[in-house]
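Number of protein chains: 2
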Amino acid sequence: MRIALAQLNFLVGDVKGNTDLIIDAAIKARDEQQADLIVFPELTLTGYPPEDLLLRPELIERVQLAIAILCEEIDGITVIFGYPRQGEDGLYNSAGVLQDGDIIAGYDKSLLPNYSVFDEKRYFTSGSDACVVDICGVRVGITICEDIWFNEPTQRAKAAGAQLLVNLNASPFHTGKPTEREELVSRRARENGMPIVYVNLVGGQDQLVFDGGSFVMNAEGRVVMRSGFFCEAQPVVSFDGATPQPSEVIEHQSQEAEIYAALVLGVQDYVQKNGFKGVVLGLSGGIDSALTLAIAVDSLGADRVEVVLMPSRYTADMSNEDAVKQAQTLGVKYHIIPIEPAFRAFLGMLDDEFSGLAEDATEENIQARCRGIILMALSNKSGRMLLTTGNKSEMSVGYATLYGDMAGGFAPIKDVPKTMVYRLSKYRNRGGEVIPERVITRPPSAELKPDQVDSDSLPDYAILDEILRRYIEQDQCVEKIIQAGYDVATVTRITRMVDNNEYKRRQAPPGVRITRRAFGRDRRYPITSGF
Amino acid sequence: MRIALAQLNFLVGDVKGNTDLIIDAAIKARDEQQADLIVFPELTLTGYPPEDLLLRPELIERVQLAIAILCEEIDGITVIFGYPRQGEDGLYNSAGVLQDGDIIAGYDKSLLPNYSVFDEKRYFTSGSDACVVDICGVRVGITICEDIWFNEPTQRAKAAGAQLLVNLNASPFHTGKPTEREELVSRRARENGMPIVYVNLVGGQDQLVFDGGSFVMNAEGRVVMRSGFFCEAQPVVSFDGATPQPSEVIEHQSQEAEIYAALVLGVQDYVQKNGFKGVVLGLSGGIDSALTLAIAVDSLGADRVEVVLMPSRYTADMSNEDAVKQAQTLGVKYHIIPIEPAFRAFLGMLDDEFSGLAEDATEENIQARCRGIILMALSNKSGRMLLTTGNKSEMSVGYATLYGDMAGGFAPIKDVPKTMVYRLSKYRNRGGEVIPERVITRPPSAELKPDQVDSDSLPDYAILDEILRRYIEQDQCVEKIIQAGYDVATVTRITRMVDNNEYKRRQAPPGVRITRRAFGRDRRYPITSGF
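Protein sequences, first through last, are from chains X and P.
Position 138 of the first sequence, counting from 1, maps to 1008 under my numbering, and the rest follow consecutively.
Position 258 of the second sequence, counting from 1, maps to 1128 under my numbering, and the rest follow consecutively.
It cannot be assumed that every hint is accurate.
It does not matter which identical chain is used: a pair holds within one copy or between any two.
PhoX-like cross-link-like pairs, simulated, lysine-lysine; straight-line CA separation at most 25 angstroms [claimed, not checked]: (1) K1319 / K898; (2) K1147 / K1374; (3) K1319 / K1251; (4) K886 / K1350; (5) K1203 / K1147; (6) K1195 / K1296; (7) K898 / K886; (8) K1203 / K1251.
The set of hints was computed from the structure by calculation and includes no laboratory data.
As the structure is a prediction and not an experimental result, all values here were calculated from the model.
Generate coordinates for the entire structure from the input sequences, incorporating the hints supplied.
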């Protein structure tokens, strides 16, 4: 028996396009790969996660129509694909087994994740039965994603006679997830003495990136085939009975490589799937916009990226020099539009209202917002989407201007802590200087008032990021963080800033999730709170 | 037996403040109202909904400490209050019965809503046991909110011997909800032949408003006591055995009165609970900002509200006249800041980039964004929050400028369709003209280019709102809406506009939910979608 793993990039809601993708992959598996079975990711027909599209009756109708088309178009190979199934007592997250023009069996997902980024109990009812089908004389059990994280569904398949398990996934990336996932599945294989075929989705969907990394494990829990990460792939594995034969095993990547690839794919899919011509971004000479530009160019090519330098009275010469240098190195078109005329116009218009009042963050925000207007004007006129350049550290403490530097359709490094911004910048420069060295080594500054540097208002980023990681990703309380050796006043001030800036984050664009807990659907805090 | 119903306004996350509120209410019930029992709303100690604060271990610790304080501070009256209870196998949404310094019994919510605005399965485990306690010789059963929407939990209480049921609620408002809720509870009372004491939360929490309207029903399902709506109240009802004695029954309000009160309370609580000094808003001479101003003044008083007129080259004289007239009628401070200098500055700065290109929405957006900068500058300098003035019809189709007129901390009429904006404006003028008549009768216009009116780009609002209601609130598909008699091209274009503008709504501020399905936590659509 030969099994193909369809690690492909499906578009949420595009039932027709996803149907075509399934047909093409199945025909290729049958004719070019001599596969007997092809396995697709979870909810193949709708993409993942379809969210409240699942509440629209016409989505379910389109899925039923699509299944009829699959039955008509595919033969000569068994296909296991995912779809939402309308049962009498609710909607199920299901897998269908298509053989010779019929759906010969089906499996309803048993364990429905309803934590972190997942809301499956909002939509689905739990299944409770095992599904085992005979394919080329091997009894193949089916489970879906979360089912593999606990032992019961696998045990149930085994009890129903399964010799081999296939598991359909839409498992999103966060740092370390690829190895975490394999360790878990390895345990499951060993506990049940059963080989496992793990097929994952690939692609970006709003804030989620699915990393692929599909694999086949033998009954001893060892990987005998691993496909690539962050790319489409359709590997095929031969089985001797239920025993998988060794095949290509692509290595895991370094942490920086893994995160960088996630960001590139996330940006690429957001831009492509939403039909934008390209992107525009503000290049300040600082490291955040420099890294964002590198990611944009790696995602879309230099042709589809434009940058704007928008110096003010507080911008250092080296900022402009470094920005121009990077734009030239990467071959992207750049504009220079000083913001002074608009900034001066606003100060004049507000002169009466502000007379006698001290300068404060208001004037800094006006500058950031003048830049927002310029960038959005270029975006509106050209049809290129605006990329936002803020990182997770500043998003956490609110060190960013709403409608100013926070403006944009997508925020590639929104979930990347500042210390990781540095690591990724060095990583991107490994084969030659793309981000000017001085951008990496100079002290970071918002350049919104004279001689300003980030360290005027924030602790060292190494300290800040560790406090944030403990508070946001690990839910540690203030006392526990202090006990770990951090300064009382700093921890109190920083955690308070995180709490007080929920309102800003609520209006931020989505960005790629790379940590265990990103802002957005992952961390649902009230704005109004006396906590 | 006398039972007090504590329809009070609790602050999410403020465990200490909520504890004090419980103690004060219990002492008042005991000493001034001669009550034997006081019943509080669902999750009294944390407020509702606490969202991901429930994942923070220190919230649970604070709740445990608070319960110890309640036990110490309250005696001489039985108290039933809500709190998250950490059990061995998970967290429960619970009610505790406090009597003579001890928690003598407890109930764990059985039915956990996980649809619409609710995410309770993200946090809680379901309880399965009835809880019946003896109070003054009456066997009182306890259930929580969703439990009353299905018969099983009430039946279980009855089977366990309950003669009277108390139901703790945090039931949010939408139009028609108060009567819908009573009809349902009436059926429950009749089915089980049991009186029901229904205690609801009151107050605004981000996009939700809890309308109160607590009541007591007799075993025949008739209301014998109803407290007011959208206000705090602590009525007390006498019982003869388990039979409630007639008491004051406050009438239901008209639809306009109900919605208007929800908006006023929503704005008031957002501003107060978040500690803002007051609000600022742009007054254009159009009906949306006129209604928003009236709501703001009714919420906060004229002293705490400031408006800004920001005319452009396209603003009609009557717009300025009407805006000034309303500001004067309501006695709010107003500024006039023409946007021409900033608009001209931006056009000059973009002259090179835009030369040879036709004017389009870009130039309109620049005007809206210049206004956004002025408003945010005044907000930043004064500490007054910016109110956004957009309505649901424009939010649905994206007829609004991101970072322009969409800028702000809270959007009072975000869930109010334009046709209801007119009805509410007339309602507000019932006792005298607050909103100038001409604002209500003139054709609506964005005034962003010469002679522009809304009907250039949108169908009549009566038609638009009906299409939107069917598509958004009722999940009707395009075909079904057309079958109901609407024009094919219009329905196709409008529903497409709704789909395409999810990205804008994602960056919008929260606003008061008044319909069955508001944008925000209520309608979770993907941005990236091929649907």
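Going through the hints against the structure:
In this homomeric assembly, K1319 and K898 never come within 25 angstroms of each other (Cα to Cα): the closest approach is 60 angstroms inside a single copy and 55 angstroms across copies. Taking identical chains as interchangeable, the C-alpha atoms of K1147 and K1374 lie at most 25 angstroms apart only when they sit on different chains, with a minimum of 18 angstroms there against 28 angstroms within one chain. For the homomeric pair K1319 and K1251, the shortest alpha-carbon distance between copies (17 angstroms) is at most 25 angstroms, but the shortest distance inside one copy (30 angstroms) is not. When the C-alpha separation of K886 and K1350 is checked against a cutoff of 25 angstroms, the pair qualifies only between copies, where the shortest distance is 21 angstroms, while the shortest distance within a copy is 52 angstroms.
Taking CA atoms no more than 25 angstroms apart as the test, K1203 paired with K1147 passes inside one copy only; the shortest distance there is 15 angstroms, against 46 angstroms between copies. Taking the shortest alpha-carbon separations for K1195 and K1296, only the intra-copy value of 17 angstroms comes in at or below 25 angstroms, while the best inter-copy value is 61 angstroms. Proximity of K898 to K886 under the C-alpha cut-off of 25 angstroms is restricted to the intra-copy arrangement: shortest distance 19 angstroms within a copy versus 64 angstroms between copies. Proximity of K1203 and K1251 under a CA criterion of 25 angstroms is satisfied intra-copy only: 16 angstroms inside one chain copy versus 37 angstroms between copies.
Checked against the numbered hints given earlier, the structure breaks only hint 1 and satisfies all the rest.
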